[in-house]
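**Student:** Using the sequences plus the hints, can you model the full thing?
Per the working numbering, residue 1 is the first one in the sequence shown, and the count goes up by one each step.
Honestly, the hints are just simulated from the structure, not real lab data. Any given hint could be a false lead.
[To be verified] In the DSSO-like style, the derived pairs of lysine-lysine whose C-alpha atoms are separated by at most 27 Å in a straight line are:
hint	residue 1	residue 2
1	177	95
2	58	95
3	58	48
4	45	14
5	48	24
6	58	45
7	93	177
8	48	127
9	58	14
10	14	24
11	177	24
12	45	27
13	93	127
14	14	48
15	58	127
16	93	48
17	27	48
18	27	14
19	177	58
20	45	177
21	95	27
22	89	48
23	89	127
24	95	45
25	45	127
26	24	89
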Amino acid sequence: MQATTTPTNPVPPKSYNFSLEDMKNTKIFNNQPASPLYSVITDIKSDKRTEIFDARGKRLLARVDRRDILPDTITFPNRNNGSSINLSKWLQKSKLENGHHIHSIETAHGTYVWKSDADYRLALYRKGDMSNPVAHLQRGTRTQNFAVIMQGEAELIRDDVIVSFLILEQRLRISEKNIDVAGGIFEQNRTVLGYHVNTP
Numbered sequence: 001m002q003a004t005t006t007p008t009n010p011v012p013p014k015s016y017n018f019s020l021e022d023m024k025n026t027k028i029f030n031n032q033p034a035s036p037l038y039s040v041i042t043d044i045k046s047d048k049r050t051e052i053f054d055a056r057g058k059r060l061l062a063r064v065d066r067r068d069i070l071p072d073t074i075t076f077p078n079r080n081n082g083s084s085i086n087l088s089k090w091l092q093k094s095k096l097e098n099g100h101h102i103h104s105i106e107t108a109h110g111t112y113v114w115k116s117d118a119d120y121r122l123a124l125y126r127k128g129d130m131s132n133p134v135a136h137l138q139r140g141t142r143t144q145n146f147a148v149i150m151q152g153e154a155e156l157i158r159d160d161v162i163v164s165f166l167i168l169e170q171r172l173r174i175s176e177k178n179i180d181v182a183g184g185i186f187e188q189n190r191t192v193l194g195y196h197v198n199t200p
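**Tutor:** Quick look at the structure:
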């Protein structure tokens, strides 16, 4: 008699919704807006320091310092003895053979890669498998929140996913804003400053 196996239902992805589409000042929640998981705060006067907190435990997860001349830095209180490091050392930029720029992060569960293309404004992949994203951006519409959608694998490195996404999405918005201000004409889906930008 042939043994049968009961199929297991895949775990549905989780949606991490943003209270505001502001990568420097927002709250991030799963299902309950009144109970945020993350709080993102930027110093109003200088606009140079952004802090990401675990909103439930009111614990600082990471601090990003943007500097005009010297490289930007990032500080994780529970890593590197609490010392700051160059942001580019943690979020490492490189280029694929097809010319697309990517950003890699080393985590406790391996190396993951952020990539921007026509399918996803920003999507995270396990290094070596660029076919199935473990996390990606969900654009905000009238019927859905601006959010980061995470598969189960990404849940294992959720803090790293959130922090790196906030940084890269903010950079992408600055690139797009600079294009608008300059009034340049760019063809559809042109890559600007290493990011894939959709322009009309």
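**Student:** Of the numbered hints stated earlier in the document, which are not met by this structure?
**Tutor:** Hints 2, 4, 8, 14, 15, 19, 21, 24 and 25 not satisfied by this model.
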